[in-house]
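Chemist: For reference, the chains in residue letters:
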Amino acid sequence: MVTLQLVPYSEIELLSSVGRIRKLLNIVKEDKIVLLQGRLKKEEEAELIKVTMEEINKDFKGIELAVIESNINKKLTGMSRFKATLATALIGDRQGLTVIGPASVVKEIKRDPSKIELLTKEVRKKKKIRKKIKR
Amino acid sequence: MLNIIQKFINKVLNNLFKKKGHIKLGLYGPPNGGKTTLANKICQDWLGEDMGSVSNIAHETREIQIKEQINIKSGKKELTFNLVDTPGIATKIDYEDFLKVGMKDNEAKSRAKEATKGVIDSIKWLDDMDTVIIVLDGTKDPYTQVNITIIGNLAAREIPVLIVANKNDLKKFNIKKIKAAFPQYDVIGISAKYGKDTDKFYEALFTVAVK
Chain A
1 MVTLQLVPYS EIELLSSVGR IRKLLNIVKE DKIVLLQGRL KKEEEAELIK
51 VTMEEINKDF KGIELAVIES NINKKLTGMS RFKATLATAL IGDRQGLTVI
101 GPASVVKEIK RDPSKIELLT KEVRKKKKIR KKIKR
Chain B
1001 MLNIIQKFIN KVLNNLFKKK GHIKLGLYGP PNGGKTTLAN KICQDWLGED
1051 MGSVSNIAHE TREIQIKEQI NIKSGKKELT FNLVDTPGIA TKIDYEDFLK
1101 VGMKDNEAKS RAKEATKGVI DSIKWLDDMD TVIIVLDGTK DPYTQVNITI
1151 IGNLAAREIP VLIVANKNDL KKFNIKKIKA AFPQYDVIGI SAKYGKDTDK
1201 FYEALFTVAV K
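Heads up: the protein sequence lines correspond to chains A and B, in order. For the first sequence, the working numbering begins at 1 and goes up steadily by one. For the second sequence, the working numbering begins at 1001 and goes up steadily by one.
Take these hints with a grain of salt, some might be off.
[As the list claims (entries may be wrong)] Computed footprint of chain B on chain A, listed as stretches where at least three residues anywhere in the stretch have a Cβ under 8 Å from a Cβ of chain B:
id: 1; segment: 35 to 45
id: 2; segment: 49 to 56
id: 3; segment: 96 to 110
[Said to hold, decoys possible] List time: in silico DSS-like cross-link candidates among lysine-lysine, alpha-carbon distance up to 25 Å:
id: 4; chain 1: B; residue 1: 1117; chain 2: A; residue 2: 50
id: 5; chain 1: B; residue 1: 1092; chain 2: A; residue 2: 23
id: 6; chain 1: A; residue 1: 61; chain 2: A; residue 2: 121
id: 7; chain 1: A; residue 1: 42; chain 2: B; residue 2: 1124
id: 8; chain 1: A; residue 1: 107; chain 2: B; residue 2: 1177
id: 9; chain 1: A; residue 1: 50; chain 2: B; residue 2: 1109
id: 10; chain 1: B; residue 1: 1117; chain 2: A; residue 2: 61
id: 11; chain 1: A; residue 1: 42; chain 2: B; residue 2: 1117
id: 12; chain 1: A; residue 1: 110; chain 2: B; residue 2: 1172
id: 13; chain 1: A; residue 1: 29; chain 2: B; residue 2: 1113
id: 14; chain 1: A; residue 1: 107; chain 2: B; residue 2: 1109
id: 15; chain 1: B; residue 1: 1140; chain 2: B; residue 2: 1193
id: 16; chain 1: B; residue 1: 1124; chain 2: A; residue 2: 41
id: 17; chain 1: A; residue 1: 115; chain 2: B; residue 2: 1177
id: 18; chain 1: B; residue 1: 1100; chain 2: A; residue 2: 61
I should point out that these hints are in silico values taken from the structure, not numbers from a laboratory. Glycine residues also receive a C-beta, built at the ideal position from the N, C-alpha and C atoms.
With the rest of the complex left out, here is chain B (with noise of 0.2 Å):
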């Protein structure tokens, strides 16, 4: 009762000295889903930089990466935030499979030591973000309970989601999985490596950032 009635008062409190800019947009989900290259596409196309690395091989964002005051329009809406890019998240990681990719034993120990640090922090913060975009690999299956858990906590936090459903370049991409399994949210198909659809991401991110 107690946890209830301290979140009540965050909420308050945060809506009470939330200014316009200081959002707080994450964007989560399994590691290789494109939350990168997605947060790369939306720096690029508002800002003119990039945000971090991109790479195959998994859990390569192992530290959460931030970038201020990135203003979108469309229209006469305007959105103001902060994007934070998180690492992915799993729920085992084992140095064996860097090297099946042919790293060395060190560099593999290192990255899954780094990997694992990178889930702590992911979750660590969800307590910290007022908007969030789950970004799923729209070719695999998305019923793992890696995603219900993520949005399950989301859930119960009341922070609003969007659910991007990326690689909609690639023959293997089911939108109507997703969409299934989470019947519930905003599904939005795009490729964020190839900019496609990305309008529509937009659209969706407005009306669900000032939810």
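Extracted from the complex, chain A is given alone in its bound form (with noise of 0.2 Å):
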């Protein structure tokens, strides 16, 4: 049985990036998968992936991870896509979705701008199973 985890983007924001890290690794490490509104920073991104690798031993091989950017911002022009920028440095990014699932049961995440696809494995059977993402 896969778990999914939606995570709002509120439970993370008044935490420290190391905070953000931990909450988000602790959820990954019980075997779920975590959908987070929004995305970290891209500094924090790679913190994960450091953090992720510090902690790898035989039960925890590491994390999949894909973030599906928003295309609103893009959209916008002028004046309003540098209050929407603003807003992101300010307030953090709530746009898009972060997918992270542990490498044990998400055997990998397949992803293109708009969509990405989610393949798990069931270890007992041996069986992949197809999950899509669509935005």
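Please assemble the complex out of the two chains, which come individually in their own frames, going by the hints.
Modeler: Below you can see the structure in the form of structure tokens.
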């Protein structure tokens, strides 16, 4: 069975970068797939990979990660775009969706800019389950 | 805000004290893209020696390797840099993958452990680079989060980037996919193994390294 846990941006909003990464990784280490509203900062994404590597052991093999970006900001121009960029810098990026799954559960996340395809692995039956998440 | 000010001060100081020949040129990318093969090609072309060992098994390079004072020339142009070959960046490492390619249990575990440290070091070194060459396997899907995260982090640090689509000697090679995935960057197709189109790579390197 695959468990998905939706994490609203408000749940990580007030946390430090370390706190955000810790919270998300703790969920993933419970063999759950995290669906985070919005996205982490670029530096936090790199830090997430770094912390993941530090914690790899015989039970935890790492993560699969994918971010679907929103096209909303890209469509804006001029002052509206400036406001949106400023808002993102101040309160974080709530647009888009971040998917983080344990490598023991998620075999692969195939992606293109508009959709992601999540391939999970069933350890006992060795059966692949395909799930599609479309924007 | 403090972070931005600190970055600005560091950048100004770096530019003030950067001496010719002290440019750090990093090779980054996912495992098995051909970073060390390209590093060897560069070193063979300009120093007449190899930089590191290569293998078809992922995570062959597990430590940062540096070759200092490489001087390349093209016409009147000249560029001197320290070449930094980094371990491939991945989000998962399973020692059982190494067992599948015939390694013994201890060897596989040790390789996996070293590989995780290698990824950590690669990420730590991002801040120290002056220019980065992202080496991607041109036969594979470039649209992975690892690639996007590396490139995004370099962009956030304002580090000039050149993307190399490696393995253009293979049938499955598709440079269009890589150009479509990263339209804001220069993408050069080469075969580091056979030296195909490396002249174009050196030309592009001159352009990006002096930005």
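Chemist: All the hints need checking, so say for each whether the structure fits it.
Modeler: Verification of the hints:
1. 35 to 45: Per the Cβ count (3), the hint holds.
2. 49 to 56: Result for this restraint: holds, n = 6.
3. 96 to 110: The restraint on the segment 96 to 110 of chain A holds, since 3 of its residues have a Cβ under 8 Å from chain B and three suffice.
4. B:1117 x A:50: Answer holds: residue 1117 of chain B to residue 50 of chain A is near 9 Å, not above 25 Å.
5. B:1092 x A:23: Answer holds: residue 1092 of chain B to residue 23 of chain A is near 19 Å, not above 25 Å.
6. A:61 x A:121: Given that 25 Å is the threshold and the Cα spacing comes to 14 Å, the pair holds.
7. A:42 x B:1124: holds (14 Å)
8. A:107 x B:1177: holds (23 Å)
9. A:50 x B:1109: holds (19 Å)
10. B:1117 x A:61: holds (14 Å)
11. A:42 x B:1117: Given pair residue 42 of chain A, residue 1117 of chain B holds - Cα atoms ~21 Å apart, limit 25 Å.
12. A:110 x B:1172: Judged against 25 Å, a Cα distance of about 18 Å means the pair holds.
13. A:29 x B:1113: holds (19 Å)
14. A:107 x B:1109: Holds. Residue 107 of chain A to residue 1109 of chain B sits at ~20 Å (cutoff 25 Å).
15. B:1140 x B:1193: holds (17 Å)
16. B:1124 x A:41: holds (17 Å)
17. A:115 x B:1177: holds (16 Å)
18. B:1100 x A:61: Given pair residue 1100 of chain B, residue 61 of chain A holds - Cα atoms ~16 Å apart, limit 25 Å.
Hint violations for this structure: none, all hints satisfied.
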